[in-house]
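Colleague: Can you join these two chains into the complex? Each is in its own frame, and there are hints to help.
Protein sequence lines correspond, in order, to chains W and Z. Per our numbering, residue 1 is the first one in the first sequence, and the count goes up by one each step. Per our numbering, residue 1 is the first one in the second sequence, and the count goes up by one each step.
It is possible that part of the hints are untrue.
What the hints assert, rightly or not - Over 12 Å on every C-beta distance to chain W, these chain Z residues come out as not near it, computed from the model:
id	residue
1	THR13
2	LYS17
3	SER27
4	SER73
5	THR76
6	GLN84
7	VAL114
Stated by the list, open to error - The list that follows gives simulated cross-link-like pairs (lysine to any residue, SDA-like), each with its CA atoms no further than 20 Å apart:
id	chain 1	residue 1	chain 2	residue 2
8	W	LYS3	W	THR27
9	W	LYS41	Z	GLY28
10	W	LYS41	Z	LEU21
11	Z	LYS11	Z	GLU85
12	W	LYS56	W	ARG31
13	W	LYS41	Z	ALA2
14	W	LYS56	Z	GLU103
15	W	LYS41	Z	ASP24
16	Z	LYS57	W	LEU2
17	W	LYS17	W	GLN57
18	W	LYS41	Z	LYS57
Everything labelled a hint here was simulated from the structure, so no lab data went into it. Only a predicted model underlies this, so the values are computations on that prediction, with no experimental measurement involved. Quick reminder that beta carbons are idealized off the backbone N, C-alpha and C, glycines included.
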Amino acid sequence: ELKVEQNPLFLSMQEEKNYTIYCNYSTTSDRLYWYRQDPGKSLESLFVLLSNGAVKQEGRLMASLDTKARLSTLHITAAVHDLSATYFCAVRPAQTGANNLFFGTGTRLTVIP
Amino acid sequence: GAGVSQSPSNKVTEKGKDVELRCDPISGHTALYWYRQSLGQGLEFLIYFQGNSAPDKSGLPSDRFSAERTGGSVSTLTIQRTQQEDSAVYLCASSLRLGGNYEQYFGPGTRLTVT
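Only chain Z is shown next, with the shape it has when bound in the complex (with noise of 0.2 Å):
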């Protein structure tokens, strides 16, 4: 079946611009999760999300980061006045619910360069 997609591939903004990011998440899978990945790094989780519920916002980097779930499935992260620190490749992943029992399976990522 159809994995994780995100658009789009690539993003290159200047700085100071907004830019949202997208996410499509398995089908029927009611958990998903932003990631950032900057150069040479591991992942840094941002905000995740189930079902209906009020998001986990406890790992965006600064108010200038922000994301919703519309309708429970596809998702959309933007982040406002972009600098260049942003520059980073952002992986969400779903996972068929919350929690540690279930695999989370990851999108191809949107590379974003801020310049």
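Extracted from the complex, chain W is given alone in its bound form (with noise of 0.2 Å):
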């Protein structure tokens, strides 16, 4: 079965920080996601990472892949409130028919001023 690991699980940093949130998972995927959930609310897609290498920025967040590493990691730049919530690694297995995500646990940020 697949799995998806995210580390940290809890996150608290001050304002004008860096921090990097690292997602593993367990078996070949061909697609990965980054999502973020504020309380209460649903799923925000942020990033789709699609092949090895692959880099995306948006705003203070940048998301990259290693496949051969079966790694992805989020990465927060002068970390402000607003991007206080929890966010969601998923995955997609590479198998034909896979067509359903598995996700990490979650990390809940928390930007103190």
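Modeller: Dropping the structure here:
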């Protein structure tokens, strides 16, 4: 069974600091997604990473993918309070017929003024 | 345009009762997914539908769970004889087609509490 692990599970960081969230997965994947979830809200898609070495950036967030290491990172630059949320990575297995996503347990980020 | 909608937003039920959760996908989306998010956990896949094809039920945790999709649009997830461990947020998502090339758009979820 595909396992997706995120770390850290909880992250408290000061504004203007940088940090990285890690997502490891256990089998070959051809799609990796990052989502944001605010309390009581649904998931908002942030990034879709499709190939080894893919890097995408939006504002203070940058996501990268290393398919050989089965690792994706979400890097936060100069954090601001608005980034406080829970971040999930999700993986779609590469095998034929796999259509559902496997999610990590999430990283709850709190940005402190 | 309108996103994925779900109803009810909150449901409190007594152990042993049956519940029905509804999902309205984005118009034109042929693929529909149900996930469950338990407290402090990631999302757990339950079932998906593609058009009128037979659904993939491989994620359903027990035979108390079932889902149907009428007319290729609205879907209902039914939990019979609810148990306390069924308490979770049930999220529905839809995509234009099935498969990783198509992004899944999530609804706001139904928070189910079994007392």
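Colleague: Work down the list of hints and note, for each, if the structure agrees.
Modeller: Results for each hint:
{"no.": "1", "hint": "THR13", "in the structure": "holds (20 Å)"}
{"no.": "2", "hint": "LYS17", "in the structure": "holds (24 Å)"}
{"no.": "3", "hint": "SER27", "in the structure": "holds (18 Å)"}
{"no.": "4", "hint": "SER73", "in the structure": "holds (19 Å)"}
{"no.": "5", "hint": "THR76", "in the structure": "holds (19 Å)"}
{"no.": "6", "hint": "GLN84", "in the structure": "holds (21 Å)"}
{"no.": "7", "hint": "VAL114", "in the structure": "holds (19 Å)"}
{"no.": "8", "hint": "W:LYS3 x W:THR27", "in the structure": "holds (8 Å)"}
{"no.": "9", "hint": "W:LYS41 x Z:GLY28", "in the structure": "violated (24 Å)"}
{"no.": "10", "hint": "W:LYS41 x Z:LEU21", "in the structure": "holds (17 Å)"}
{"no.": "11", "hint": "Z:LYS11 x Z:GLU85", "in the structure": "holds (14 Å)"}
{"no.": "12", "hint": "W:LYS56 x W:ARG31", "in the structure": "holds (13 Å)"}
{"no.": "13", "hint": "W:LYS41 x Z:ALA2", "in the structure": "holds (16 Å)"}
{"no.": "14", "hint": "W:LYS56 x Z:GLU103", "in the structure": "holds (16 Å)"}
{"no.": "15", "hint": "W:LYS41 x Z:ASP24", "in the structure": "holds (17 Å)"}
{"no.": "16", "hint": "Z:LYS57 x W:LEU2", "in the structure": "holds (17 Å)"}
{"no.": "17", "hint": "W:LYS17 x W:GLN57", "in the structure": "holds (17 Å)"}
{"no.": "18", "hint": "W:LYS41 x Z:LYS57", "in the structure": "violated (26 Å)"}
The earlier numbered hints that this structure contradicts are 9, 18.
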